[in-house]
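2 protein chains.
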Amino acid sequence: AGNSAAGKEKAAACMACHGQDGKASAPIYPNLAGQQQDYLEAALHAYKSGDRSAGQAAIMSGYAADLSDQDISDLAAYYSSQTP
Amino acid sequence: AGNSAAGKEKAAACMACHGQDGKASAPIYPNLAGQQQDYLEAALHAYKSGDRSAGQAAIMSGYAADLSDQDISDLAAYYSSQTP
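Sequence order for the protein chains is A and B. So that you can map any letter, position 67 of the first sequence is 131 in my numbering, and since no number is skipped, the others follow by simple counting. So that you can map any letter, position 9 of the second sequence is 73 in my numbering, and since no number is skipped, the others follow by simple counting.
Chain A on its own, in the form it takes in the complex (with noise of 0.2 Å):
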């Protein structure tokens, strides 16, 4: 399962586009916070295992790219825990 704590630390690289608090920094970027556990775990594992690269996608590719099954986990853990 994942630790929300430690994925706030991972989520330092995330912040600049998804913000501190899960509000997306750009109209273009989703918001993350209270967003559901499950689908952030699939959609981070599709950005990393290529079905979603096209387009802005390829931003989110080179992010997912070196992340672990614990990390993943542990972001979506974070993120889905914010308030809205």
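Calculated from the structure, these hints are not laboratory results. In this text the structure is predicted, and so the values were computed from the model without any measurement. A few of these clues could be false.
A pair holds if it fits inside one copy or across any two, identical chains being indistinguishable in the list.
[To be verified] Dumping the calculated BS3-like pairs for lysine-lysine here, alpha-carbon to alpha-carbon at most 30 Å:
#, residue 1, residue 2
1, Lys72, Lys112
2, Lys72, Lys87
3, Lys87, Lys74
4, Lys87, Lys112
5, Lys112, Lys74
For chain A, the structure is supplied; the task is to place chain B on it using the hints.
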């Protein structure tokens, strides 16, 4: 620009998974309420174009296939205007 009222009409097909109020009916589906409008449009276009088509996305590709650009704008306006 998207028309939220028109989007509400068009969202009937979305509600089974994404909820009437944009809160997903299952943890594997994303919450849409209060999501960034531009992001929602980009995501719907990615499902429509097939950029997102593997795994979980296959369901959405089917729904998005026959959406017009205006439908996409209206749906994005509707769900982004919902309270998260």
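Cross-check of the supplied hints:
1. Lys72 / Lys112: within (19 Å within a copy, 33 Å between copies)
2. Lys72 / Lys87: Both. Shortest intra-copy (14 Å) and inter-copy (24 Å) distances satisfy the 30 Å Cα cut-off.
3. Lys87 / Lys74: both (17 Å within a copy, 26 Å between copies)
4. Lys87 / Lys112: both (22 Å within a copy, 26 Å between copies)
5. Lys112 / Lys74: within (16 Å within a copy, 32 Å between copies)
Violation of the numbered hints given earlier is absent; every hint is satisfied by the structure.
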